[in-house]
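*Asks:* Use the sequences and the hints to build the structure in full.
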Amino acid sequence: AFSQANNNRDSAELILASTKSPFVEERLGAYDILRALVSRGVCVRLLLLYDDGSGNGSGSSFLDWLLNHDLESTNEGKEAKYQVVDSMLSQNSDLL
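Following this note's numbering, the numbering of the sequence shown begins with 2 at its first residue and continues without gaps.
Rather than coming from a laboratory, the hints here were simulated on the basis of the structure. Each hint should be verified, as a subset may be incorrect.
[Unchecked claim] Distance ranges between label pairs, derived from CB positions:
no., residue 1, residue 2, range
1, Asp87, Asn9, 30 to 40 Å
2, Asp87, Asn8, 25 to 35 Å
3, Asn8, Leu90, 30 to 40 Å
4, Asn69, Ile34, 16 to 26 Å
5, Asp52, Asn8, 24 to 34 Å
All figures in this text were calculated on a predicted structure; none of them were measured in a lab. All C-beta atoms, glycine included, are put in the ideal place defined by N, C-alpha and C.
*Replies:* Rendered as structure tokens:
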């Protein structure tokens, strides 16, 4: 039902699309969601394996987004993105 209401887009795709929004508030909200998700091991696995399937090499996976420093231009966004990485590493050190 969720994907039908959102043109067959899954929740990970919607959250990652929000991380690329031109609106700072939307990006920060998406980072907060990701920070909460990566505190759970199963979510880390799902996000690290996520790829939208486009195969166009345009940075469509979570890992591509995470490693690309050029996608965030504000200090608040860079700090929030760092907090996602920090949370992932501190909460799941045994998984990674």
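*Asks:* Next, verify each hint and record whether it holds.
*Replies:* For each hint, the structure was consulted:
1. Asp87 <-> Asn9: 30 to 40 Å: Once the Cβ atoms are compared, 33 Å apart, the range 30 to 40 Å for Asn9 and Asp87 holds.
2. Asp87 <-> Asn8: 25 to 35 Å: holds (33 Å)
3. Asn8 <-> Leu90: 30 to 40 Å: holds (34 Å)
4. Asn69 <-> Ile34: 16 to 26 Å: holds (19 Å)
5. Asp52 <-> Asn8: 24 to 34 Å: Cβ of Asp52 to Cβ of Asn8: about 18 Å, so the range 24 to 34 Å is violated.
The earlier numbered hint that this structure contradicts is number 5, and it is the only one.
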